[in-house]
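Novice: All chains, full assembly: derive it from the sequences and hints.
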Amino acid sequence: MLLIKGGIIVNEGRQMKADLVVDGDRIREIPPSVSPQGGETVIDAEGCYVLPGVIDSHVHFREPGLMHKADMETESRAAAWGGVTSVFEMPNTKPQTTTIEALREKQELAKGRMHVNYAFFPGATNDNLDELRKLDVHEVPGIKLFMGSSTGNMLVDREEALDGIFALVKELDLPLMAHCEDTEIINHNMARVKEELGMDDPPIQYHPFIRSEEACYRSSLLGVRLAKKHGTRFHIAHITTARELELLGDNITGEATVAHLLFSREDYDTLGAFIKCNPAVKTLNDRDALRNALSTFNYQLSTISTDHAPHTLEEKQGGAAKAMSGMPMVQFSLVSMLSLVDKEVLTIERLVELMCHNPARLFGVSERGFLRPGYKADIAIVRKGEAWTVTKDIIQSKCGWSPLEGKTFNWKVEKTLVNGQIAYSNSLTSDLSPLTSIYGQPIKFRI
Numbered sequence: 004m005l006l007i008k009g010g011i012i013v014n015e016g017r018q019m020k021a022d023l024v025v026d027g028d029r030i031r032e033i034p035p036s037v038s039p040q041g042g043e044t045v046i047d048a049e050g051c052y053v054l055p056g057v058i059d060s061h062v063h064f065r066e067p068g069l070m071h072k073a074d075m076e077t078e079s080r081a082a083a084w085g086g087v088t089s090v091f092e093m094p095n096t097k098p099q100t101t102t103i104e105a106l107r108e109k110q111e112l113a114k115g116r117m118h119v120n121y122a123f124f125p126g127a128t129n130d131n132l133d134e135l136r137k138l139d140v141h142e143v144p145g146i147k148l149f150m151g152s153s154t155g156n157m158l159v160d161r162e163e164a165l166d167g168i169f170a171l172v173k174e175l176d177l178p179l180m181a182h183c184e185d186t187e188i189i190n191h192n193m194a195r196v197k198e199e200l201g202m203d204d205p206p207i208q209y210h211p212f213i214r215s216e217e218a219c220y221r222s223s224l225l226g227v228r229l230a231k232k233h234g235t236r237f238h239i240a241h242i243t244t245a246r247e248l249e250l251l252g253d254n255i256t257g258e259a260t261v262a263h264l265l266f267s268r269e270d271y272d273t274l275g276a277f278i279k280c281n282p283a284v285k286t287l288n289d290r291d292a293l294r295n296a297l298s299t300f301n302y303q304l305s306t307i308s309t310d311h312a313p314h315t316l317e318e319k320q321g322g323a324a325k326a327m328s329g330m331p332m333v334q335f336s337l338v339s340m341l342s343l344v345d346k347e348v349l350t351i352e353r354l355v356e357l358m359c360h361n362p363a364r365l366f367g368v369s370e371r372g373f374l375r376p377g378y379k380a381d382i383a384i385v386r387k388g389e390a391w392t393v394t395k396d397i398i399q400s401k402c403g404w405s406p407l408e409g410k411t412f413n414w415k416v417e418k419t420l421v422n423g424q425i426a427y428s429n430s431l432t433s434d435l436s437p438l439t440s441i442y443g444q445p446i447k448f449r450i
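If you want this note's numbering, it's the 1-based position in the sequence shown plus 3.
Every clue listed holds true.
Restricting the straight-line Cα-Cα distance to at most 25 Å, the calculated cross-link-like pairs of lysine-lysine (DSS-like) are:
1. K114 <-> K137
2. K325 <-> K401
3. K346 <-> K20
4. K114 <-> K401
5. K8 <-> K20
6. K346 <-> K415
7. K387 <-> K20
8. K97 <-> K114
9. K232 <-> K173
10. K415 <-> K20
11. K232 <-> K137
12. K325 <-> K197
Derived by calculation from the structure, the hints in this document are not laboratory data.
Specialist: Here's what the structure looks like:
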């Protein structure tokens with residue numbers, strides 16, 4: 004038995020001072036107050052906020068095939084350090100997760116190595132509809148579609164293939180999550196910039212002009228049209244532009260990522276390729292439009308995740324053509340969004356809605372994402388207090404760097420509980436021993 008005592012619980016749109024009792028891997032009760040009976044583990048949460056564990060519905064842990072960048076153990080450790088208790092991992096690994104066999108391989112690799120709960124997106128291709136029909140819909144969050152080229156070259160660009168994918172996903176009654184960028188526009192922009200500058204690798208500041216607003220909007224619009232044609236639930240990943248927000252509504256939902264909520268085009272001057280990602284970080288106006296959309300309690304932007312995508316420092320060298328796109332963000336996503344709470348961009352209740360409740364609702368996560376009796380005890384305990392700074396020595400991702408190095412936060416994750424077990428305690432310690440034997444479970448859906 005475990006007792007979390009004296010914290011402020013933030014759950015389902017409200018705050019309340021209460022205790023929380025954990026029995027095994029589940030929440031037993033949430034009474035106003037309960038006295039220790041002896042024998043249980045007591046966590047003093049006085050002065051802390053007790054939140055559901057974050058569900059990050061968009062991560063790249065690079066295993067199998069790309070383990071020089073990251074692996075399931077290191078990146079799930081980083082997640083636990085950050086108050087993230089569940090992750091959905093993307094299919095653009097080597098081999099790509101586009102067959103049932105590849106999905107099973109990932110599931111086996113995760114056992115006894117992932118420190119948080121896990122699920123894997125299968126990926127759609129131009130010709131794998133027969134494989135997707137074999138999916139067990141209770142073990143996947145949805146299907147991932149790349150409507151624009153990105154890491155892994157899983158671009159689906161044939162009209163008949165796209166039409167078939169949208170129809171099948173509707174038939175399976177799953178959400179379709181898509182990376183939306185128009186590759187033809189991007190290639191045209193890249194060629195034009197290279198010619199105008201006379202350079203094979205344009206400066207990083209050109210990245211948002213090459214992967215432009217128009218490239219994002221045109222691809223998202225195509226996806227929305229297909230979704231409406233077939234009645235498919237369509238989730239646009241990592242929205243970056245104010246214009247795309249106009250497409251959302253009904254069965255069309257959107258994801259904001261931490262990077263696009265923190266950074267704008269002006270930050271390329273100081274952070275360079277460290278903030279290069281696909282789609283590109285864009286204008287300050289776009290960033291602020293995304294922030295404003297978070298504050299509304301409608302379905303404009305329904306989730307915040309990270310698109311956690313580590314690369315080595317060597318791979319991040321270069322400009323708009325040569326530096327690889329992606330950054331590690333999962334360890335600091337929760338404290339970053341709590342900093343936006345301090346700036347009154349959103350409330351802490353809304354943060355929990357976007358990072359915990361809505362991912363569970365949207366993808367049909369079973370018994371997670373809320374603090375409810377009978378639910379799995381996935382819990383993040385956070386405290387606002389003494390300022391601390393992100394330094395290289397506390398970064399848990401295998402790549403060993405973060406675009407947030409030198410950033411100071413007033414919030415920190417005190418403890419992370421995964422299925423009722425303390426997977427992480429005190430984000431500023433270098434002691435990894437709590438993580439040596441704590442592992443997550445496969446996430447179940449629509450049960």
